[in-house]
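Use the sequences and the hints to build the structure in full.
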Amino acid sequence: HNNLAQVLLDKSPERAIGSYLRAIELEPEMVLAHYNLGKAWQMQGEHLAAVACFDRAIELDTEHISGYTDAGFSLMVLGKIAEAMPYFERAIALKPNFIEAYSRLAKSRRVAAVEDDELSRAIAACDRFLAALTGRKKEEGRRKKEEGRRKKEEKETIPDARCPMPDSQLQIAEICDYLAEIYLHLGNALTEYGGYESAAAYYQKALQIQPKNTELYWRLGNCLVQQKRLNAAIAVYRMALTVQPALPQVYFELGKVQDKQGNCEKAIDYYQQVLELQFHGYSQPLLSLKNDCIALEPSAIKLPQGIYLSTWDWLVAAKLDGNYVEIVWKYETEATTENTTNSQFPILNSQFRNSDCGGLTCGMCLHRISKWFDPVHLGWGVCRLSNSQPLPVESPKTFVATIPNGRVWIVPKENYWLICKAIAVMTPDNYLLADVSRDYPGFLPGCEKHDVRKHSVFNLESFPPLKQIEGKVAVLSGLSGNVYFHWMVDVLPRLELLRRSGRDLAEIDWFLVNSCQHEFQRESLRILGIPEEKVLESDRLPHIQATELIVPSFAGYLGWPPGWAIEFLRREFLKGILPSYSYPKRIYISRSKARYRRVLNEEDVVEVLAQSGFVSILPESMSLAEQIAHFYHAEVIVAAHGSGLTNTIFCQSGTKVIELVSPHYISHYYWGISQYLKLEHYYLAGEGFECYPIRQLMYQNSLTEDILVNLSSLKRMLEVVGLS
1426 HNNLAQVLLD
1436 KSPERAIGSY
1446 LRAIELEPEM
1456 VLAHYNLGKA
1466 WQMQGEHLAA
1476 VACFDRAIEL
1486 DTEHISGYTD
1496 AGFSLMVLGK
1506 IAEAMPYFER
1516 AIALKPNFIE
1526 AYSRLAKSRR
1536 VAAVEDDELS
1546 RAIAACDRFL
1556 AALTGRKKEE
1566 GRRKKEEGRR
1576 KKEEKETIPD
1586 ARCPMPDSQL
1596 QIAEICDYLA
1606 EIYLHLGNAL
1616 TEYGGYESAA
1626 AYYQKALQIQ
1636 PKNTELYWRL
1646 GNCLVQQKRL
1656 NAAIAVYRMA
1666 LTVQPALPQV
1676 YFELGKVQDK
1686 QGNCEKAIDY
1696 YQQVLELQFH
1706 GYSQPLLSLK
1716 NDCIALEPSA
1726 IKLPQGIYLS
1736 TWDWLVAAKL
1746 DGNYVEIVWK
1756 YETEATTENT
1766 TNSQFPILNS
1776 QFRNSDCGGL
1786 TCGMCLHRIS
1796 KWFDPVHLGW
1806 GVCRLSNSQP
1816 LPVESPKTFV
1826 ATIPNGRVWI
1836 VPKENYWLIC
1846 KAIAVMTPDN
1856 YLLADVSRDY
1866 PGFLPGCEKH
1876 DVRKHSVFNL
1886 ESFPPLKQIE
1896 GKVAVLSGLS
1906 GNVYFHWMVD
1916 VLPRLELLRR
1926 SGRDLAEIDW
1936 FLVNSCQHEF
1946 QRESLRILGI
1956 PEEKVLESDR
1966 LPHIQATELI
1976 VPSFAGYLGW
1986 PPGWAIEFLR
1996 REFLKGILPS
2006 YSYPKRIYIS
2016 RSKARYRRVL
2026 NEEDVVEVLA
2036 QSGFVSILPE
2046 SMSLAEQIAH
2056 FYHAEVIVAA
2066 HGSGLTNTIF
2076 CQSGTKVIEL
2086 VSPHYISHYY
2096 WGISQYLKLE
2106 HYYLAGEGFE
2116 CYPIRQLMYQ
2126 NSLTEDILVN
2136 LSSLKRMLEV
2146 VGLS
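So the number in my numbering is just where the residue sits in the sequence shown, counting from 1, plus 1425.
No lab work stands behind these hints: they were computed from the structure.
Possibly wrong hints are sitting among the right ones.
Claimed, not checked - Taking lysine-lysine pairs in the BS3-like style, the calculated list, with each CA pair at most 27 Å apart, reads:
id, residue 1, residue 2
1, K2010, K2140
2, K2140, K2018
3, K1727, K1744
4, K2010, K2000
5, K2081, K2000
If you want it as C-alpha cells, here you go:
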C-alpha cells in the first residue's frame, strides 16, 4: 500500500493518502508510511496534518532527520516560527558535519569580512542565527520514546510563533530575531537586484516574527509599488501608520502612490503631513537619495516598443541587409541568413506570452543535459562522463551586424553578487534585437520553454543617462562579464567573430567590454591586440548610442563555448607556452579566496591530495600566462566547480579532470570543454545538507552552495583514477 501510494501521489493524491492510511492500519509502526503520509499532506497544503504525521515518524525513530526537517518546514509555513526551531536544531544535531565545517569557515570570515552590502549582512546574520540555533547543549545517543512524547507535549503548549518554548524562551527569542534579520537583508538584496516579488515574500516572513517593525512595512510597501500593486501598497503603508503614526517616510510614499493614481488632492494631503512631521522634529531616516524626490517628467527615452527575434529581420526591414555578415564554421551545418524562427515582422509588447523557463538552474534542463553526457556512477559518489558525442543541440547562428545609431543598455556590476545581469541592444526606431540581447535567469541549450520576448528591459522604470559616442563601437560585453569564466568563453570569442567578418579591427574606434579593472582582462586584451586606450567599460557607461554600433553575435549559449571558440582561445593564448620543467603534473585549484562555492574542508582535502603528489595553486595570484602554463602541463587537475576550471580549455588531450560539486548543483559547464578536448572528466559530489529550510537560508541559489568533501570518497576517487 505504501508503494502503491507513491505511484498514485502525483495524479491522484486523495487515493494516495488513502493507501498510506491503509498501510499504517496494517503496520502502525511503519515509519516510512507515517513520513510519506506527512509529505502527501504537505503537498496538499494541509500542514497541521503533516506535522502530526512527522511527529509520529519521529516518535518511532528519534533519528529521522527528514521527519524533523519537514515538520519544521510545515510549522514555518503555518507561521509557528518558534515551534519550528527545536526541530531544525535536532535535524542538524543528528548530522552536524556540514554546519560545523560551515561555522568554522564563518568564524574566519567574520575576522576579515566587511558587511558593506545587503547580501553580506544577510550572510552575517545567518552565521549568528546558526550559532544560536546549534549552541545549546547537545544530547548524546538516541532519545527514548518517552522523551519524544514529552517534547511533543511541551511543543503543544505553544499557541503561536510569538510564545516560545518555556524551557528556552531567551534562546528561541534570540534565534527568531536573527531569522527576522536574515529575512530583512535578503529582502533588501533582492530589491536591489530587481526581484521584487521574492523580496516581498521575505519581508512578509520577517513581519510574522516582528509584526511591529515599521521598516518592514515600509519596504514591503515599496516592493508592492514596484510590482504596480498600488492598492496593496497603500494598505501596507497604512498598517505601518497604525503601529507608529509619526512616520514621514511612509506619508511620503503614500503621496507618491496617490500621485501615480491621479489623486492629486490626496497626494498633497500626504505631503503636507510630511512637512508637519518634519516641522515637529520627525526625520525621514529611511529615505535614500534615490527615493526622496519625485520625477517631474518621464525619461526622454522610452522602453522598446517591441522585439525583432532576429537582427537580420530588422536589417532587411530597414533596407540595411548589407550590414549583416554571417560566419559559417566549416565543421558545422551550413546555414543561410534567412530567419528560421519567425517572420520579418516585429513583435509588439501586447503579444508577449508567459514563460515558465527555470533558467540556468532549471532542474529539468540540467537533468536532460546531464543524461546526455551519460555519467557512470563508480561508487562513493564518484562519476565519470562516458559519452564522447557532442550535445544534439544546434548552435545559434554567428554573425556580425552593424546598427546605425544603435543603442545598448548593459547592467553594470555593483559588487561581487550584483553583476551584469542584462544586455539589451536596440535599434534607432526603438526595437529590441533579441538574438544579441540577454538577461538572467537565462536558459540552457535545448530549452523549449524560454521566451526571449520577456526581457527584463521591459521592467525598467527608466534608462540611465544616455552617452552619445561618435564613431564605430564594437559591443563585446557579456552577462557576468567580470567573472573570469564568462570573460574567457562569452566575451573574448566575440573578437574572433569580428575578425572572421572581414573587419579590420584597427578601424574600430572603441571596444565595449564590461570592465578592464582585473589584470586578466587587461592581459588578455593586450595579447589579442586591443589597445587599452580604445576600451570602453560598460560598468562606467551602461547606456550608450553610437554612430555605428557593431554587434557580433554571442559565441554560443551562455557559458557553453562551441568548438571554434575553444580553438580560438587555444590558438591565441598557447603561443609561446613556457617549458614544462617548472610546473607540477598534479594540481589542486584552491577556492580559498572565493566568496561562494567554497570547499568547506579545503585544508583536509589538500592534505589528502598532497599524499598523492598534488600541489595546491591559487590561479588569481598568478598572471594569465602562468595560469595557462600550469593547466597546459598538468596531467591531473582537482578543482571545485567554478571559474578555476576555465583553464581546462588549455589542457592537453588525456588530462584527467576531477571536479568537486555540491550534490544540489551538478552543472555541465566544463563537461562540454572536456568532451571536445578529449579530457578524462570525473566528478565527485560532496556531502549533502539535508535540512533544506536552513540550507535555503544559507544559500539563496543552489549555484552558490559550498562543498563538503567526504575524505573517504576522495581517497576512493584517487584509487579509481589510478593516482593513489
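Evaluated hints:
1. A distance of roughly 18 Å separates the Cα atoms of K2010 and K2140; the hinted pair therefore holds under the 27 Å criterion.
2. With a C-alpha separation of about 25 Å, the suggested pair K2140 and K2018 falls inside the 27 Å cut-off, and the hint holds.
3. For the suggested pair K1727 and K1744, the alpha carbons sit about 24 Å apart, so the restraint of at most 27 Å is met.
4. Taking the CA atoms of K2010 and K2000, the gap is near 20 Å; set against the 27 Å cutoff, the hint holds.
5. Between K2081 and K2000, the direct Cα distance comes to roughly 23 Å. Compliance with the 27 Å bound is thereby established for this hinted pair.
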